[in-house]
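2 protein chains.
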Amino acid sequence: MRVLILGGDGYLGWPTALRFSAKGHEVAVVDNFARRRWHREQGTDSLTPILPLEERIAAWSGSAGRDIRSFEGAVEDGPFLDGVVSEVRPEAIVHYGEQPSAPFSMMSRERAVETQQTNVIGTLNLLFSIRDHVPACHLVKLGTMGEYGTPNIDIEEGFIEVHHKGRSDTLPFPKLPGSLYHCSKVHDSTNIHFASRVWGLRATDLNQGVVYGVETDETAGDERLFTRFDYDEIFGTVLNRFCVQAVIGHPLTVYGAGGQTRGFLNIRDTLRCVELAVESPADEGEFRVFNQFTEQFSVGELAELVDGAARQLGYDPQVRHLENPRVELEQHYYNATHTKLLDLGLEPSLLGEELVTSMLHLIERYKDRVVKRAIDPRTKWNPAGGRGFLGPRHGQSELAPRG
Amino acid sequence: MRVLILGGDGYLGWPTALRFSAKGHEVAVVDNFARRRWHREQGTDSLTPILPLEERIAAWSGSAGRDIRSFEGAVEDGPFLDGVVSEVRPEAIVHYGEQPSAPFSMMSRERAVETQQTNVIGTLNLLFSIRDHVPACHLVKLGTMGEYGTPNIDIEEGFIEVHHKGRSDTLPFPKLPGSLYHCSKVHDSTNIHFASRVWGLRATDLNQGVVYGVETDETAGDERLFTRFDYDEIFGTVLNRFCVQAVIGHPLTVYGAGGQTRGFLNIRDTLRCVELAVESPADEGEFRVFNQFTEQFSVGELAELVDGAARQLGYDPQVRHLENPRVELEQHYYNATHTKLLDLGLEPSLLGEELVTSMLHLIERYKDRVVKRAIDPRTKWNPAGGRGFLGPRHGQSELAPRG
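Chains as they are written, first to last, in the numbering used here: chain A, 1432 to 1834; chain B, 1432 to 1834.
What the hints contain is simulated information worked out from the structure, not anything from laboratory work.
Every residue, glycine too, gets a C-beta built ideally from N, C-alpha and C.
Calculated lysine-lysine pairs in the DSS-like style (CA-CA distance at most 25 Å, straight line):
| no. | chain 1 | residue 1 | chain 2 | residue 2 |
| --- | --- | --- | --- | --- |
| 1 | A | K1454 | A | K1771 |
| 2 | B | K1771 | A | K1596 |
| 3 | A | K1771 | B | K1596 |
If the Cβ cut is set under 8 Å, some of the chain B residues that face chain A in the computed set are:
| no. | residue |
| --- | --- |
| 4 | A1543 |
| 5 | I1552 |
| 6 | I1591 |
| 7 | V1593 |
| 8 | H1595 |
| 9 | R1598 |
| 10 | D1600 |
| 11 | P1605 |
| 12 | K1606 |
| 13 | L1611 |
| 14 | N1622 |
| 15 | V1758 |
| 16 | W1812 |
| 17 | G1819 |
Just chain A, same shape as in the assembly:
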């Protein structure tokens, strides 16, 4: 198949490109290197040293004997994207090409606008490119479980049957996004659903949980092929960040009470899920939503897990509860359905001490690259202070104190 990967230089985009290439697909990637630029602007970097895209591609070509085409440009540049799509004529497009950080979107008005501009206008452009150039192409779009927030009912996969005043309908699952980044992903879902209903596009929205891990089958053992690994307050996700903290002797920073529960998955499972979605495309006019995670954990449970594995290796981590910089519930109901990818054949790689141990070993090799000042959270969801205005009235299952 011809597969086009948007954001193909990123944490997930790059190993996804290698996976499809390894399987013999014809792979092209698009990236504008915004993630590298944002890191330079913050004075941070990937823990793992990563080569420039062209050098990565050359290394892959040398070791695997397979070519990957690359295009430098922005998804939010419509004419550029049209050119790429009409040249590549992909049968599947995997869209990772967005600003992926919640804290980044909450830093300032400018960062919020940049996030929604990049993500919403980018995806909107993409929908037109598909409609006008490759209408049968299957769009596999990376969404996030954070679109749903923490409602007081079970979370379903994209749609829910609502019974109301003696009638019923299957409708989009109501969303309570937790940052302006998460809002942008909700906007994307709304636009893509519209394009499916009105233009007949085929789309799969992968509402992904929090990804952890660094190595995949294709990158393990060859440093030139490593993907990036972020641990800073802006781009680092919680488990990856805890592992770095344990290795460098920084306290594990639990935000607030630590009861925040989310879905998680191994980076290897991300690749497998995307593969499964591409191999079984959505029908014409179908907008599928898969909840892409394998296990639920609370932040406190992850801190304990990392603490235990690190102690086995002789580290002496401390767990520190910080004032929560986010506005979110710290104790809440959480139960999210995630059966559709299992039905397609996903065999989850579950999280255990062994995986954490292997991450700690890898981090140990690069620990001198850590920028320590970039770890503690400085970006506040509500700069005026306070825990926001959550409550049962608007679908928040714990009533947070006001003000």
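Please arrange chain B on chain A, whose structure you already have, making use of the hints.
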């Protein structure tokens, strides 16, 4: 009160400014005249001759003895908006400053991007301006009933209590927007709800039905104060368009079967609803949604009503069913709650022959200004043809034929 009206040169924004000014409030308006520019680009214009904003304001000052301040600029220009908000220090902001047309958003990729850019980034900027400069200010935002689409259950006012697997929660009402313009309004609602939950902003989202009529208490009898009146395929709404068609001897253009049912209201009621919302502000952290319409009609019923009233005046209108340029259900369940504004004291001006007759009289005076070639619909929702991929599966209560 100090009231800032965004889009204060528009169909609703201008008479709203006069209303608040007449009531003795301190009124400032913002506009970038995008609506006038879009009309120039299409070679169309308002049926009613309208003065430039500064001349309208001078006429009002002369006749009413009240001043209105004006600022020329775009809501999507963050620094400009910050300057206006920090100078005016409004206690209420009424936000009409968006691209308001569904067909406009469906014309091309460029127009779709312009719509979502203008509306979503504009409102996002506004939320930051309020947060950072006037956090107690009440945002009254014009949304649309079209955000809900036509689900097979009763439409509630913004939120719905969902019972699911033995649990329940009150959650945002699921949305099925019918155009990329309607999608942009859904995005706005998501962003505003977020800002209320996280920053404690006070907001009222007025999900307005289709507005008809032209005269209000403040504009009637003084042509210099008239608001614009659009009848073209892009900016003209259905009842206004039918009235113009009846007067100029153009068939009344019913799209498809004409069973499409929507909520409608008189422009006088729009002003009253906005006034009621401003006079009873939302609480800190509250995101209220009011469904702002007074009656439901099908398109076919409106054609009959205009046909009857026009015949009384000696016109001889024809009703013509055109192939529907939109992808929408033409027969569907529709029952939308709209009690919150009635509870605040709204006394609806219901639609009848008398109102239609007065509109026909007014249109007769300006009929030579009609650009006839701009009336028939040319903008297709799905340029590839076909009626889209609606169906009960995704909350559409009639199964439209595919393809």
